[in-house]
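Enquirer: Here is how the chains run, residue by residue.
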Amino acid sequence: MSMIENGQGDALSYHQQMAQRTDAVAAVFEAHGHDVKKHIADFAHAVSERWVPENGARVVAKAWTDPVFKAQLLTNGHQAVTALGLPMPVHHRHLVALENTDKVHNVICCTLCSCTAFSIIGLPPDWYKDLEYRARVVRESRTVLKEMGLDLPSDVEIRVWDTTADTRYMVIPKRPANTAGLSEAALAALVSKDAMFGVAAI
Amino acid sequence: MDGMHDLGGKQGFGPVRFVRNAPVFHADWEVRANAMYPLAVSVGLINMDEYRYAIERMAPRHYVAATYYERSLTSVATLMVEKGWVTTGDLASNAGGSFPLAAPGVAGRSNVDGAQDYKVGDRVRVRDDWVSGHVRLPAYVRGKSGEVVGCSPPYPFPDAHAHGIEAAPEPTFDVRFRAEDLWPDSSDAAYVHVAIFRSYLRPEG
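Protein chains in written order, with my numbering: chain A, 1 to 202; chain B, 1 to 205.
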């Protein structure tokens with residue numbers, strides 16, 4: 001990371017500088033009577049234990065094995081995942097599940113910022129929030145996916161979904177061949193976070 | 001606003017810095033910084049549209065150079081100053097001397113008169129509106145024609161909600177565009193879907 005000059009002329013590392021700014025913001029909450037330490041601990045717990053891609057993997061595996069659930073998921077994703085006991089933030093009022101097939105490939109993005117169904121498919125990694133992905137994937141989808149390691153056959157239609165409102169999207173990847181005998185839990189273990197963003201196959 | 005954040009379709013960027021199963025956090029401060037905006041929402045200091053708008057108001061040089069977590073933190077700090085919770089000077093001195101914030105906002109707007117609902121299969125055209133305040137419409141679909149493929153429950157109208165203006169909640173419509181129509185002769189063939197507020201659309205034809 002780059003070095004930044006602070007007001008005293010000392011060079012601090014980027015991470016040190018950002019840690020100081022974070023502490024300064026936290027101190028303002030404290031000064032207004034809010035328990036920042038507890039909030040940060042709760043948040044850290046949520047990002048490591050609750051808003052994890054294992055949630056989405058469970059949804060995908062169930063959709064692969066339970067046609068009734070799959071129909072519910074494709075009709076009303078929010079209702080289907082909350083019925084499984086999975087969390088959706090208050091402002092995520094709508095979840096659209098996008099099914100990949102032999103002829104259709106879905107991929108998600110947020111060109112304006114970083115919006116994601118993070119409580120289901122996990123928090124977005126750097127590449128999703130970086131300028132490169134946001135600028136290019138809507139315009140050069142096939143090229144970008146190929147660069148990222150997903151070389152789709154030319155007869156597969158690509159559908160890009162730009163998360164510009166509070167509707168959230170998740171990709172239901174294609175079920176791999178030769179998995180007929182596997183349990184739902186064993187299938188869920190095969191589902192990667194990247195595949196639920198639509199940038200990898202399984 | 002036609003800001004630096006509105007990146008869809010911009011050219012000149014290199015490869016996506018992709019690694020499989022990438023980690024979300026790299027340093028402790030990132031987790032703490034990322035916890036600040038939901039805290040600000042939960043205590044009633046800000047709403048999500050104010051949060052997004054304050055990120056969009058960062059100076060372009062700052063926006064491009066900042067990491068995601070720095071952008072997030074800058075937004076919360078800016079709104080704390082604007083809402084009178086702290087002064088710029090106190091923030092900067094507590095942060096070791098420097099805490100660049102976002103630029104001031106401009107006026108917002110309420111719902112557009114005459115906006116209507118649509119059903120799946122309807123052809124729509126994105127209004128040719130030029131909004132200097134907060135707007136959740138990527139510029140690459142402005143004035144373009146597409147087909148409705150989905151509809152959401154009503155959400156707060158961002159153009160008003162980010163500015164503290166009263167407005168009716170609106171549904172959004174998932175509209176399908178052809179990439180070839182958005183960027184003729186200069187895109188990969190694909191369908192591009194954008195979730196578009198009712199006020200941003202008009203019937204086609």
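There's no promise every hint is true.
[Unchecked claim] The list that follows gives simulated cross-link-like pairs (lysine to aspartate or glutamate, EDC-like), each with its CA atoms no further than 20 Å apart:
#1 B:Lys-10 - A:Glu-49
#2 A:Lys-146 - B:Glu-204
#3 A:Lys-103 - B:Asp-185
[To be verified] Partner residues aside, some chain B positions facing chain A, computed with beta carbon under 7 Å:
#4 Gly-9
#5 Lys-10
#6 Pro-15
#7 Phe-18
#8 Arg-20
#9 Arg-32
#10 Ala-35
#11 Trp-85
#12 Thr-87
#13 Pro-138
#14 Val-148
#15 Val-149
#16 Tyr-155
#17 Asp-181
#18 Trp-183
#19 Tyr-191
Hints in this document: simulated from the structure, not taken from any laboratory. Just so you know, even glycine gets a beta-carbon here, dropped at the ideal spot from N, CA and C.
Enquirer: Now, for every hint given, state plainly whether the structure supports it.
Expert: For each hint, the structure was consulted:
no., hint, result
1, B:Lys-10 - A:Glu-49, "violated, 36 Å"
2, A:Lys-146 - B:Glu-204, "violated, 35 Å"
3, A:Lys-103 - B:Asp-185, "violated, 23 Å"
4, Gly-9, "holds, 5 Å"
5, Lys-10, "holds, 4 Å"
6, Pro-15, "holds, 5 Å"
7, Phe-18, "holds, 5 Å"
8, Arg-20, "holds, 6 Å"
9, Arg-32, "holds, 5 Å"
10, Ala-35, "holds, 4 Å"
11, Trp-85, "holds, 6 Å"
12, Thr-87, "violated, 10 Å"
13, Pro-138, "holds, 5 Å"
14, Val-148, "violated, 13 Å"
15, Val-149, "violated, 9 Å"
16, Tyr-155, "holds, 5 Å"
17, Asp-181, "violated, 12 Å"
18, Trp-183, "holds, 5 Å"
19, Tyr-191, "holds, 5 Å"
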